[in-house]
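**Q** Start from the sequences and build out the full structure, keeping to the hints where you can.
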Amino acid sequence: MDNKNIIARRVAQMLHDGEVVNLGVGVPQLVANWLPEGVELIVHAENGIIGAGGYAPEGEGTPNVVDAGGQMVTVKPGAQFIISTDSFGAIRGGHIDVTILGAYQVDEKGNLANWCLPNKMGGIGGAMDLVSGAKQVVLAMEHTQKGNPKIVDHCTYPLTGVGVVDVIVTEMGFMRITPEGIVLEEINPAYTVEQVQAATGAKLIIPENLKAMDVID
Amino acid sequence: MNKVTTVEEAFSHIKDNDTIMVGGFLMCGSPEYLIHTFLDHPAKGLTIVNNDMGEYGSSLTPLLASGRVTDLICTWIVRNPAAQAMYKANPKCLHINPQGTLTERIRAGGFGIAAFYTPTGVGTIIEDGKDTRWFNGRKYIMETALRANVAFIHANVADESGNIFMKGSSKNYNAAMATAADYVIVEAEEIVPVGDIDPELVTVSGIYVNAVVPIPKQD
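Protein sequences, first through last, are from chains A and B. Taking our numbering, the leading residue of the first sequence gets 1, the next gets one more, and so forth. Taking our numbering, the leading residue of the second sequence gets 1, the next gets one more, and so forth.
Chain B side only, calculated, beta carbon under 7 angstroms to chain A, not exhaustive:
1) 98
2) 103
3) 107
4) 123
5) 168
6) 169
7) 170
8) 175
FYI, nobody ran anything at the bench for these hints, they're computed from the structure. Glycine is no exception: its CB is placed at the ideal position from the N, C-alpha and C atoms.
**A** Pasting the structure below:
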């Protein structure tokens, strides 16, 4: 299995039936493919859908129903179309259980940088609202970027939020941000602790009961 | 009152240095007919308010490339090369907002709220230079209302008095922007007599709308 699906599958295992979830672009979008049996999410698309389905089959979509990436999607039974102000009211108001997104950098204080690289302007979009308003912030991302650590002791890129990240899932393991630092709760058996630490720019806390991450071939 | 008019008459209300709100999220609900027609209008020194400045194929791209736009108020410009070029030439032209903040600033502008406190962006560059205040142990940033001289709005169906029905996720910014400009121009795919839109299905009331312009049918 490739890294992206290893990550998406592990994130999917932590979600519960009925949770309201916002899925960022990239790896987070793959999470929906790996949901355990009996777990059905209410997917919030910040451009204006509560209860979005997957991408619309070829020829069946409408340009009036798209997700936040502009892709035509379906909606599930029980969905609602909402205006932007209500969509972000739902985010700021704490009505989104989990937001799953990627990162350029995350540090041991749970600070997140995922909207702006130095000398390049992309934009914020909904990221700052999501990390500030969602009950749980989960990063689904590859452990390194071209071999450079993305998990660092101190973010140097412009921040998206301060102290907002709860969980980091990479192909190497499952990590939780705690007041003491980043705890490696689970490790992919394909790696050693030393390898994971070497790929990480912050000192990882290794608990005595370090578990194996559930990974399939 | 019948608000159906020509695009020329509606555009006669637009002048140099105006701020124009443009509805839509990427291409969904984008008032493409109005933007495209506005390419031939003489007004310059404009400020455009739009979530993302559209995409490569959007009429916002030639509008931004025309040199008539001086300022962009938005959340994200990844897919518009003309917006990227404007930013490279003059970073100060770009006024970037978190999306929930931009949409709430527009709602505040339309609904008589001067400013509001939001937790979004605390500890980031968004906080720089703004008033902050603590409520219930949490820090908030004061953001101010946003209004425009003109709004371009897309409707699937409008009636002659300006009541609008917007389908699906095309409501996005269109609904709030329709309340927050001095002169609101709606382009409509279909125009029906007053009373033909069920009151249960009116997305935006005609009380906010000044002009309804039919989108020409393509053969």
